[in-house]
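Those sequence lines, one after another, are chains H and Y.
Following our numbering, the numbering of the first sequence begins with 1294 at its first residue and continues without gaps.
Following our numbering, the numbering of the second sequence begins with 17 at its first residue and continues without gaps.
Simulated from the structure, these hints should not be mistaken for lab results.
We put the beta carbon where it would ideally sit given N, CA and C, even for glycine.
It is possible that part of the hints are untrue.
Pairs of lysine to any residue residues, derived as SDA-like cross-links and limited to a Cα-Cα distance of at most 25 angstroms, are as follows [unchecked claim]:
#1 Lys363(Y) with Trp1353(H)
#2 Lys430(Y) with Leu1304(H)
#3 Lys430(Y) with Val1358(H)
#4 Lys181(Y) with Ala1397(H)
#5 Lys1351(H) with Leu360(Y)
#6 Lys21(Y) with Trp1353(H)
#7 Lys1388(H) with Ile388(Y)
#8 Lys1388(H) with Glu391(Y)
#9 Lys21(Y) with Tyr1338(H)
#10 Lys1455(H) with Cys1360(H)
#11 Lys21(Y) with Leu1354(H)
#12 Lys21(Y) with Pro1339(H)
#13 Lys155(Y) with Ala234(Y)
#14 Lys393(Y) with Pro1339(H)
#15 Lys427(Y) with Gln1386(H)
#16 Lys427(Y) with Val1358(H)
#17 Lys1388(H) with Ala237(Y)
#18 Lys430(Y) with Ile383(Y)
#19 Lys427(Y) with Leu1304(H)
#20 Lys430(Y) with Gln1386(H)
#21 Lys155(Y) with Ser95(Y)
#22 Lys1388(H) with Lys430(Y)
Across the chosen pairs, the derived CB separations fall in these ranges [what the hints assert, rightly or not]:
#23 Glu511(Y) with Met1372(H): 25 to 35 angstroms
#24 Ala1356(H) with Leu235(Y): 21 to 31 angstroms
#25 Phe1416(H) with Lys427(Y): 44 to 54 angstroms
#26 Phe381(Y) with Gly1342(H): 39 to 49 angstroms
#27 Asp24(Y) with Leu1359(H): 36 to 46 angstroms
#28 Asp24(Y) with Leu1419(H): 26 to 36 angstroms
#29 Phe381(Y) with Tyr1381(H): 21 to 31 angstroms
#30 Lys363(Y) with Tyr1381(H): 41 to 51 angstroms
Counterexamples of contact, computed for chain H against chain Y with all Cβ distances above 12 angstroms [claimed, not checked]:
#31 His1345
#32 Ala1397
#33 Phe1399
#34 Leu1418
#35 Asp1442
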Amino acid sequence: MSTATDKSSSLFGYVAEFSSASELYHAAEKIRDAGFRRWDVHTPYPVHGMDHAMGLGKSWLSAVVLCGGATGSLVALFMQFFTQVTLYPTVVQNKPTNLFTIPAFFPVTFELTILLSAFATLFGLLIFIMLPRWNHPLFNSRLFSKFSDDGFIMVVEARDPKFKKEETRDFLKEIGAEGIEEVAN
Amino acid sequence: MAGLKDGDDFKDGEFFKAPSALKFLCLLIGGGGTILFLVMALFWGEKAGEMGYSWLFAVVFFLSLTVGGLFWTLLHNASNSGWGIVIRRLMENLASMIPFMLILGLPLVLTMFGFRDKLWEWFPQREAALTEARAKAEKSAPEYIQKHEKQLKEAKAALAAEKSKLASITDPSPGHRAHFDRSIAGLQSRVESIESEDMSEEAVNDKLVEKYYRKANALLAVKEGFLNPAAWNIRYLFYLLVLTAIAWILRSWSIKQDKDGDPKWLRLARRWSCGFLPFFATAWTFLVIDWLMALDYTWFSTMWGVYLFAGCALNSMGLLVIVLTLLRRAGYLKNVVTMEHYHLMGKLMLAFTIFWAYIAFSQFFLIWYANITEETKFYLTRNSDFWNVYTITFLVIGHFFIPFVVLLIQKVKKLPHVLSAVAVWNLVMHVLDIYWIIIPERGPSLTNGEKMVMPGAIVFDILAFISVAGLFGYFLLRQLGTASLFPCRDPRLDESLNVVN
């Protein structure tokens, strides 16, 4: 490893504060247009349209949820149909044991679909955002902690391929950052 | 943020000018068809039964769309929503057509076309049961009076006997006396109660009529308080007045705000909508009980009102999407309505597709599983022969599975033409849903035999549908043109114009 990479690897990234939601919004558009990929914004409240300003695509989470839900309904239908119609036809309340028994299986199917969708949502999300973890470098930043109070924060990570120590700092200043803090890994 | 729209730029509103040729065509088809249909019914008495079902089907379908418009207006106001301000006027326009649709239902309520007694069998059956009960009452009145006199005489004799017994005992012990006191008091009160019975000719007659009415048709006798012609007429007036008043009041406030921009109209609408909602729900629930559930007065379902509500809310949202897309194609609302609005409406369509399926399935499931004779009748007809295939194809697959899967896709909800196509599909399924609710009742009966479907009657269904559709189109074009297409001076117009979800 060369010394240069050593230096940059010890740097997690920059935390930059902006004066308002709208400043942050425009800064996000500029960062997006500059081609950065490893960056995020943190605000005290949800800002409408920020996903467009950040250039975020549609989340893949819904695909995971669809898989979870489909698994739930298929498993529930299969288990009930196989055990109570195919394997050992069970007559309950004089109901038929054939294809027309299916309505009786709907409540369980419905419940299992919901359950596995919810699990897929929760665990899919946790995997996507790489939680749980013990700590995060950003927690060392004083400036960053303002996002839960009155700060409009942008974080640009050093592992972004476009990241260059001096130029990125200048660029952040140019697009309106009021305070910039270096965060170590 | 860049590119925000300012509500002040839109404060003049947009005014729709309906193509007069289209308007005239709608009126011609609708008015001509309606007159033709009703005249046919008047002069073709033996077909009145079959035609009544057709007319009911057409009127209920279009009425449900307008009632759905009223629901969305009320919900939008009551929940203080901001997103849909720009489409609220379309909802109000839809709702304001309720009285026209209810008046089209008047031939069903009146007796002159012969629809009423053929559709709702409880009218003739109640009449028959009452006639029978009256005849029997008249015949048995003297006997009843005789019996009453005899009872009175016997009771008096028993009382006198007991008294003389007491008198004959020279020195009764306290226990003995208490025993006699009690039995004399009992006999005394029996004499009094027999004597106090109102034995005027009228009272005797009423009592006997009620007794024999119960014997002739117990079900109708216990439902007499609800199922009688006077209450029926009053309820029709109630629906007409309540639904019309709510729709027209909200729309007039909204239009007044277009002129003076005073936020007080918005506040009024919000406050009153919360109070209007229970009346709206009551009116619609009882309307569908009266017009649809009572097609078979022996059958009942406690989920009936909400089942019909689910369909009407879903499909009037679909109709709003279609009307919006057509208006935009004609060059209106281009800058006002964005894809975000379509996305939100698409989400509501998805939600109500699921809600409809949830309610429809729950209603079926509970009745199917409990398997109680009084309740299964409805589904027995609809799960036999032709109707079974119909139910599974159109209601299970067509009304739920297909739109559900299609609407799950986010892209579909953001593309106006695709979403409109889904809305059209849903509307067709709603037609089939209403058809499925009403038309099987025309099938097997004592007079028609065991025929599931009346041959040839579908011609009447189509004629009725086209006639009412024509009038619906005419009224819609007319209402769209009477005010700005969106509430142009609503205080939250900015919010709605720039909505992001």
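Evaluation of the provided hints:
no., hint, verdict
1, Lys363(Y) with Trp1353(H), "19 angstroms, holds"
2, Lys430(Y) with Leu1304(H), "42 angstroms, violated"
3, Lys430(Y) with Val1358(H), "20 angstroms, holds"
4, Lys181(Y) with Ala1397(H), "72 angstroms, violated"
5, Lys1351(H) with Leu360(Y), "16 angstroms, holds"
6, Lys21(Y) with Trp1353(H), "31 angstroms, violated"
7, Lys1388(H) with Ile388(Y), "13 angstroms, holds"
8, Lys1388(H) with Glu391(Y), "16 angstroms, holds"
9, Lys21(Y) with Tyr1338(H), "22 angstroms, holds"
10, Lys1455(H) with Cys1360(H), "35 angstroms, violated"
11, Lys21(Y) with Leu1354(H), "32 angstroms, violated"
12, Lys21(Y) with Pro1339(H), "20 angstroms, holds"
13, Lys155(Y) with Ala234(Y), "20 angstroms, holds"
14, Lys393(Y) with Pro1339(H), "53 angstroms, violated"
15, Lys427(Y) with Gln1386(H), "45 angstroms, violated"
16, Lys427(Y) with Val1358(H), "17 angstroms, holds"
17, Lys1388(H) with Ala237(Y), "35 angstroms, violated"
18, Lys430(Y) with Ile383(Y), "39 angstroms, violated"
19, Lys427(Y) with Leu1304(H), "40 angstroms, violated"
20, Lys430(Y) with Gln1386(H), "47 angstroms, violated"
21, Lys155(Y) with Ser95(Y), "62 angstroms, violated"
22, Lys1388(H) with Lys430(Y), "44 angstroms, violated"
23, Glu511(Y) with Met1372(H): 25 to 35 angstroms, "48 angstroms, violated"
24, Ala1356(H) with Leu235(Y): 21 to 31 angstroms, "55 angstroms, violated"
25, Phe1416(H) with Lys427(Y): 44 to 54 angstroms, "26 angstroms, violated"
26, Phe381(Y) with Gly1342(H): 39 to 49 angstroms, "43 angstroms, holds"
27, Asp24(Y) with Leu1359(H): 36 to 46 angstroms, "44 angstroms, holds"
28, Asp24(Y) with Leu1419(H): 26 to 36 angstroms, "46 angstroms, violated"
29, Phe381(Y) with Tyr1381(H): 21 to 31 angstroms, "23 angstroms, holds"
30, Lys363(Y) with Tyr1381(H): 41 to 51 angstroms, "43 angstroms, holds"
31, His1345, "8 angstroms, violated"
32, Ala1397, "7 angstroms, violated"
33, Phe1399, "7 angstroms, violated"
34, Leu1418, "18 angstroms, holds"
35, Asp1442, "22 angstroms, holds"
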